[in-house]
Every structure is written in C-alpha cells, then in structure tokens.
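Could you fit the two chains together into a complex? Lean on the hints.
For the protein sequence lines, the chains are A and B, in the order given.
Under my numbering, residue 296 is the last one in the first sequence; the count climbs by one each step, no gaps.
Under my numbering, residue 1238 is the last one in the second sequence; the count climbs by one each step, no gaps.
Worth flagging that the hints you see were computed from the coordinates, not collected in a lab.
Using N, Cα and C, we set each Cβ at its ideal position, and we do this for glycine too.
Hints may be right or wrong, so weigh each one.
[To be verified] Taking lysine-lysine and the BS3-like style, the derived pairs with C-alpha atoms no more than 25 Å apart in a straight line are:
1) B:K1075 to A:K166
2) A:K95 to B:K1052
3) B:K1026 to B:K1057
[Claimed, not checked] For each label pair, taking beta carbons as the anchor points, the in silico distance ranges come out as:
4) B:N1003 to A:G33: 51 to 61 Å
5) A:I162 to B:P1126: 49 to 59 Å
6) B:T1138 to A:K121: 49 to 59 Å
7) A:L243 to B:R1120: 20 to 30 Å
8) A:I162 to B:A1233: 37 to 47 Å
9) B:K1057 to A:L67: 37 to 47 Å
10) A:F138 to B:K1129: 46 to 56 Å
11) A:Y62 to B:E1115: 26 to 36 Å
12) A:T265 to B:T1132: 29 to 39 Å
13) A:K121 to B:R1063: 24 to 34 Å
14) A:Y62 to B:E1123: 56 to 66 Å
15) A:I162 to B:N1023: 39 to 49 Å
16) A:L67 to B:Y1011: 27 to 37 Å
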Amino acid sequence: MEIFLQLIYSGVALGMIYGVIAFGYQLTFATSGTLNFGQGESLMLGALVGLSLVGNIHGGPYLNYWLMIPLVIVFGAFQGAFVEWIGVRPAIKIKSEFGWIMSTIALAIIFKNVAENIWGKDDLKFPSPLPESPIKLFGANVLPMEIVVVVGALAMMAAVEIFNRKSIYGKAVVATSNDRDAASLMGINTSAVITFSYALSSVTAAVAGVLVAPLTLTGATMGAVLGLKAFAVAIIGGLNSGLGIIVGGLILGIAETTTGFYISTGYKDVPGLVLLLLVLAVKPAGLFGKMAIKKV
Amino acid sequence: MLNIENLKASYGKVEVLHGISINVPKGKVVTLIGSNGAGKTTTMRAVSGMIKPVAGKITLGDRDITGLESHQIAKLGLAHSPEGRRVFPTLSVLDNIRLGAFVRYTNARPKGDVESDLQRALEMFPRLKERTTQLAGTLSGGEQQMLAMARAVMLNPEVVLLDEPSMGLAPILVEEVFNIIQRLKAQGVTMLLVEQFAAAALNVADYGYVLENGRISVHGPAEKLKSDPAVKAAYLGG
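With the rest of the complex left out, here is chain B (with noise of 0.2 Å):
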C-alpha cells in the first residue's frame, strides 16, 4: 500500500537518511525502531510532505506521491499523526477531530458518511467524549495523543502514519494508545509506526524495520525481530 525506496532525505547539507527502503502492505503494521537521531520522524516527515526528499520514490498504492505537498498528500489518503501531537489548541476537541476529515467535508476525499465516522470514532477514544467542547490546549498530555489519532483516523485513511504515539505518556496511557494500535488493526487499518518503546511496538506489528543512523540495519517479521539478538541487546533491554 505503502512503499518506500531508496529515499534520501537532508536538513540543509546533512544527509540523515542514506536510502531506505520500507514497505507496507494492505491492512499491515509495520514498526520502525531505531534510537534517538537515526531518522524516524525525518522518514514520517518526508513520506507526508513535510520536508522534501532528496531522491528516492515513495508511492501509496499505485499513485507516486514522491515530493508532493502534505495537503496533496493528504487528499490521495495518507493520515499522518505527527511527533508531539500537534492538536490545534485553541479549537475544540470536536472541531479538531472534524478538521481531520476536512477533506471529506470538502469533498477532495469520498465523504462518506462523516458524521457516523464522528460518533465512532468518540465511541473508540471514550476520553475525548467527555471533552468534545474543551480546548484541545487545555487537554492532558495522554488525551492530546488520543485526539492526534482520533484525527487521523477521521480521514478515513488508506495508510496512518503514528509518529511516537508514547512519547512521554504515563505507562497506564502508554498502555491504552497501544490498545488503541490494537484495534485499530483489529479493524484493517494500514498502519506504519514510529516507537521508542520497540518491544511493545513489536508486540503489535506485523512487520519490523530498525534505523540505525539513517540506514535500515535489519528488518523482518516482528516476530523474528523479537528474538533476533542483535535487535534484543541494542532495543529490547537484553
């Protein structure tokens, strides 16, 4: 569904990723691991747009979306639920979970039907129910993390992108969004997910790649992975 190749991307003259090569496949979960700095947020970053690689090819299913805008990128179905959230905080929750469908609403996506999607998908993240009218800036760390996601679900996506849906969350609320992962799975969702927390990353994955200074070193089925010792010293705690 998702793939990606040979793609070099730089922030000024740094190159800081040297040409990899992911794929994700329909209805899968792919993890991508890798310690601080070797270039997970930077491949998120460059698969949605946000910055524009310096080679390589990427495609979502059979369209090349390589150097496209994110808005453009967006329209052809590629959610992506960016490091550090990023809530629009001084909408409401529910005006931000609508702004994820906002291509539906203006019809450059197949509307469908917006508001059932709505009401599921404040049925999924229970948190964000009880909030709909509060500020999305006033909401905890853990319910900004649900509504980055309930956002991103709400472009009724061909692929998600979460980028450290964990990242400096209490372990209770780790423990939910990785629920959440679950489920989301559970219903066919594509996803490729970026994560600090590699063995619970794993846990839910299909397939696993691991960035090491911006090349993959290994990859294999997350399963292999997690017994691979070479990835269980460096990432899995020995």
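Looking at chain A on its own, in the form it has when it is part of the complex (with noise of 0.2 Å):
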C-alpha cells in the first residue's frame, strides 16, 4: 500500500508536467488552430537555459533556483515568439492547412541539434533548490521537488485562466479564440493574440521543464518524449478542456508509474496509449472535449 501510494505520487508529479505542456498546445490551438510540436523542445530548451543559470557548468552558478525563474520565463516568451514568426505565421497567412506542422517539427529538430552542440549530448545533473530526501505523507515518501511540481503546474494554469477572465486583454485572447474575424473588428490585433499565444505556450513549457528537470535528468533529448505523451494527454483529455487535461495528465502518469513498477518498465507507456486509441475510436473530441455551443 505504502508503495502503490508513493507510485501515485510520482504518477501525480509526471501527470501535471504532460499536463502543463498539454495546456500549451491547448493555448496556440485555441487562437490560432495550429500547435507547436516543439513544444517538448520548448521545455527542454527552458531546463537547459534554466542549468546554464544555476548550474556550474558555463562558469556558474550565476543565480540561485528561484530567482533563475523569471529569466527562464522571458527566454520561454522569445523562443515561443520565434517558433511563431519562422514556423507559424507563413502557414497562416496562406492560410495553408498543413504548413505549420512540418515546420514547427523541423524547428524542434533544429533545437534539438543547437541543443546538442551547445550543452553536449550526455544528460546532465540539475541541482535541486530543496532538500533530495523523501518527506513522508499519508505514510508514503514524496520529494519535496514533487510538490512544487504540483503547484507549480496548478499555479500556471490558474495564473492563465484568472488572466482570461477577468482582464480585458485576456478576454480579446478568449474572442479571438471563438472567431478570429470578429476579434478583429473589434480592434483586436489578432496575429499579435496568437504570437502572444506562442509565447505563453512555451513560457509554461520553460517553466515545466525546470520544475521538472532537478527530478530528472536534463539533456537535448529529454523534451522529445514529453512533448509527445503531453500531445497524447491533449487529444485524451480534449483540445478545449482544461479540466480534460489534468484528469488526462494524471491517468497517463499514474498509468505510466504502476505499470512501469507492477509490470515491466518496458511496457510503462502502454495503457496510456492505449487509452489515446480507445479515446480516438469512441470519443475523438477527447473525454472532456466538448463542440463550441452555438445556436442560431
């Protein structure tokens, strides 16, 4: 028992990471119909930059743990707004269908590989800002890392949703999701609302990735993995729901932990993705999806 709950736990940790990048794809599908997939490298890049700051590995550490973070936050904001000016905007303005998921890949893979050159191919240690010894709760070891995972994540999303609701900028973000035309006429600059998106999408991404990194290890390859189970975990939980992606977030997290220890790690990302098939074939809006109310 004390061992399923402590499996939980890590599932709940991992859950919340696919979870946050899922929310990103959420945001850039929103306002503009497109994704970033690269949005894993978005995370990775995020953890790299976050271990140049505070790791000792480019003549650091430069800044404490905490304070690293906003740093992160700003290069997130940059890289998202590139990946939407190179990768994104062309696409849109052709109005071309397809344009944008071969060149947001082929971003990825260009991260990837300056990713590779400029911190080497090795995974490296990222030192944690709290204690790396388990706490107990409700009779289970959880790493104090893995709370913050958790409230971090939650903290995102809400910090975003809050913004939606109630400032007039994020209400523009929220027209522009619903009719991109109307937006306009309203005076809202629309292509700048899905920059803004980008933006967002990898700032949390960044974020995530170094929340997560001091659990993990951080290196060039770590993003491709998570960006595509956190791809999973949205078409799970639905490309519009926001309570579809943390319900869709743990089950793939806990899925992953018990199977991986009650099993085989080897077949680890099995259920998860079987669920992905079976969601697809019964309820391909995903489980929380829902289609816009409209009525005439």
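Below you can see the structure in the form of structure tokens.
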C-alpha cells in the first residue's frame, strides 16, 4: 500500500508535467488552430537555459534557482514568439492547413541539434533547490520537488485562466479563439494575440522544464518524449478542455508509474497509449472535449 | 464621413465589385439594397478590412483606410456589425459588449466614460440587460443581433456598418431591430445599412444605393428611390 501510494505521488507529478505541456498545446490551438510540435523542445531549452544559470557548467552558478525562473520565463516568451514568427505565421497567412506541422517539427529538430552542440549529448544533473530526501505524506514518501511541480503546474494554469477571465486583454484572447474575424472587427490585433499565445505556451513549457529537471536528468533529448506524451494527453482530455488535460495527465502519469512497477518498465507507456487509441475510436473530441455551443 | 470611391473587390479570380462609389455623410443613414449575391456583404467586408480591395479608395473622415487591417480600421472609429452577427459564443453577454469597447479600454481610442456608456447600451437593449451573465452562444437569434449592435455602438464609432441586421429574424424582432436603428439615427449615429428588407431600410435611411451584380444601378434620396418605378418593381414588391 505504501509503495502504491508512492507510485501515485510520482504519477501525479509526472502527470502534471504532461498536463502543463498539453495546456501549452491548447493555448495556441485555441487562438490559431495550430500547434507547436516542438513544445517538448521548448521545455528542454527552458531546462537547459535554467541549468546554465544555476549549474556550474558554464562558469556558474550565476543565480539561485528561484531567481532563475523569471529569466527562463523571458527566454521562453522569446523562443515561443520566434517559433510563431518563423514557422507558423507564414502558414497562417496563406491559409495553409498543414504547413505549420512540418515547420514546427523542423524547428524542433533544429533546437535539439543546437542544444546538443551547446550542452552536449549526455544527460546532465540539475541541482535541486530543495532537499532531495523524501518526506512522509500519509505514510508514503514524496520528494519536496514533486510537490513543487504539482503546485507550480496548477498555479501556471490558474494564472492563465484568471488572466483570460478578468482582464480585457485575456478576454481579447478568448474572443480571438471564438472568432478571429469578429475579434479583429473589435480592434483586436489577432496576429499579435496568436504570437502572444505561442509565447505563453513556450513560457509554460520552459517553466515546466526547470520544475521537472531536478527530478529527472536534463539533456537535449529530454523534450521529444515529453512533448509526444503531452500531445497524447491533449487528445485524451480534449484539445479545448482545461479539466480534460489535468485528468488526462494524471491518468497517463499514474498509469505509467504503476505499470512500470507492477508489470514492467518496458510496458510503462502502453496503458496510456492504449487509452489514447480507445479515446480516438470512441470519443474523438476527447474525454472532456466539447463542441462549441452555437445556436442560431 | 465615409467615402467609397470606385471600389473593386474580388474573391480569388472572380471580381465581385466592379467599381462602386458610395458616400455616407456625417449623421446620416445610408442604405445599400440589392438582391442576394449582388455584392452588398462584400462591400462591407472591403470597407472594414476583412478583405483587401483590388482597386479604389476608401476614406474615413480625412483618413485613407484602403487596405488597412480590420483592427487598425476599428481603432480609427469604424464599427462593423457583420452578417451572421458573429458574437463570441463562449463569452458572457457583458463581456461581448465590453469587447466592443476594447479599443477604448486599451486607450487606442479616447476612453471617455466606458462604464456609463455600458449602462446606456444596456438601457437601449433591455433584452440584453436581463441576460448579462448568460453566454452569448445560448442567446436566441434576435438577442444575438441586439448584442452585435450593442457591441458596435460601444466602440463610440464615427461610422457603423450594419450588415443584414434583420436576417433570419421573426417579424416582431425585425421591427424591434429597425426601431433601434431609428433611435441610433436620432442620436446622430452615422450608419451604412445593408438590407434585404428594402422597404424598411428605405424608410429609416436618408439616402439609398441599389447594387446590382457588383455595380450601383440607381442611387438617390430614400424618398425618391421609394417611388422609383424600377426600384419598386424589383425590390419593393411592385
């Protein structure tokens, strides 16, 4: 029982990371109908830039962990805006339905290559800002950093949600998601909104990167698998459902840690991906996905 | 106030407007009538920047707005209530109205007293006042039309484009829509109105243009158009 609870804890932490990356997919999909398939690479770059600031690999450490986060946020914003500007905007402009898929994947590969050249091909240890000895929670072990991951992920999603609901700029983002043409008629610069949504989605990924890095190892290849699994989460939960990605992330994360322990680590990805196939067959909009309410 | 000169527009290779000129003087209501497919909505879309004109010149006040983006044109004071209403379905009625004043909240246009304008808009559209927290997507067609018009007024616009405000509405609601247009006119709002209900449109308008296959066939004071035999036969049911 204790072990089971511990597996749940790790599954929850992992699931929240998937959830945050999936949240990033949702942000850009809502405003532009496009996704950044290099979302995992945005996470990886965020983690590695963070490592350069707090680790001793590039003559540092320069900053402590918590002061590094704002800089990673700025970096993520520029990185996301860059992806939108180079890879997505041209496709949107000519109304190409698929151009952005290949260009965001191409950028992802380029980012990975650049990272391999700057940070090397080996995985690096990311210094943990908190004690690395587990604490007891309801009788099972949990790492302090795992709690930070869960709290941080939920806080980021809540912050974006509050922004969307309360500020006029957030409402402009929602309006752009609803109807781009009508939003422009309100005087909303919808291209800027799309750039912003890309910046924001990379920010959430980059922060997720520095949150998860102390628990895992950091390296140029860390993003690809995370990005792909988060995509599965977005499909399972629904590309337009906030609750869906949290539940979807938790399902996938917990399925992974429990299967890994009770069956075999070789099969840890299978239950989640089987679920993905089931959802696609039975409820293609996702477990919590909804069709837009429309009445004429 | 709004001047359209020799406007040409096309979808792909098909030219829809073959050089039309329309003048909307300050404080006046001008209507553009014509049958389906004549190019009325295309004209509106070209004016508000939703499509790029192929040729011609559009000026708002003394500014050339030809070829500008929709959001830039909105900032200069042109409000467009589009065909099909296009309200934001997942936002509340109140948020929809607020977004009509987006350029004022963000100080891209003089802010003025947005909150009291908001109250005034709700007074003007009592149907919306009872439903401020409801999601716009759950409103009836008539209510959505009121919302689209309230949203347009909130811009504090120099000119309002109203595209088919009566489309798909029950007769009683059509009447309500035209009453509101009448009241906006009394407040001095400058409007360009596109309508299929030609008779009602000519009743509220000062001046009218008849669009036929992408060309203006007749134009003149509304009173005069109403008695024009050709217009009568084609658009006013004999």
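Hint check for P1126 of chain B and I162 of chain A - Cβ pair distance inside 49 to 59 Å: violated, 32 Å
CB-CB spacing for T1132 of chain B and T265 of chain A relative to the 29 to 39 Å hint: This hint is violated: roughly 55 Å between Cβ atoms.
Y62 of chain A paired with E1115 of chain B, Cβ distance criterion 26 to 36 Å: Violated, since Y62 of chain A and E1115 of chain B (Cβ atoms, about 47 Å apart) do not stay within the stated range.
Pairwise beta carbon distance, I162 of chain A to A1233 of chain B, judged against the given window 37 to 47 Å: violated, 60 Å
Verdict for L67 of chain A, Y1011 of chain B (Cβ pair) under range 27 to 37 Å: Between L67 of chain A and Y1011 of chain B, where Cβ atoms are some 55 Å apart, the hint is violated.
Hint consistency between K1026 of chain B and K1057 of chain B [alpha-carbon to alpha-carbon, up to 25 Å]: OK: K1026 of chain B and K1057 of chain B at ~18 Å, within 25 Å.
Y62 of chain A paired with E1123 of chain B, Cβ distance criterion 56 to 66 Å: holds, 59 Å
Straight-line alpha-carbon gap K95 of chain A to K1052 of chain B, limit 25 Å: With Cα atoms ~15 Å apart, K95 of chain A and K1052 of chain B stay inside 25 Å; holds.
Distance restraint evaluation - K121 of chain A, R1063 of chain B, Cβ atoms, bounds 24 to 34 Å: violated, 58 Å
Range hint compliance [Cβ, I162 of chain A to N1023 of chain B, 39 to 49 Å]: holds, 47 Å
Verdict for T1138 of chain B, K121 of chain A (Cβ pair) under range 49 to 59 Å: holds, 55 Å
20 to 30 Å as the expected CB spacing between R1120 of chain B and L243 of chain A, which holds or is violated: At roughly 38 Å between Cβ atoms, R1120 of chain B and L243 of chain A fall outside 20 to 30 Å, so the hint is violated.
Consistency note: the structure conflicts with the earlier hints numbered 4, 5, 7, 8, 9, 11, 12, 13 and 16.
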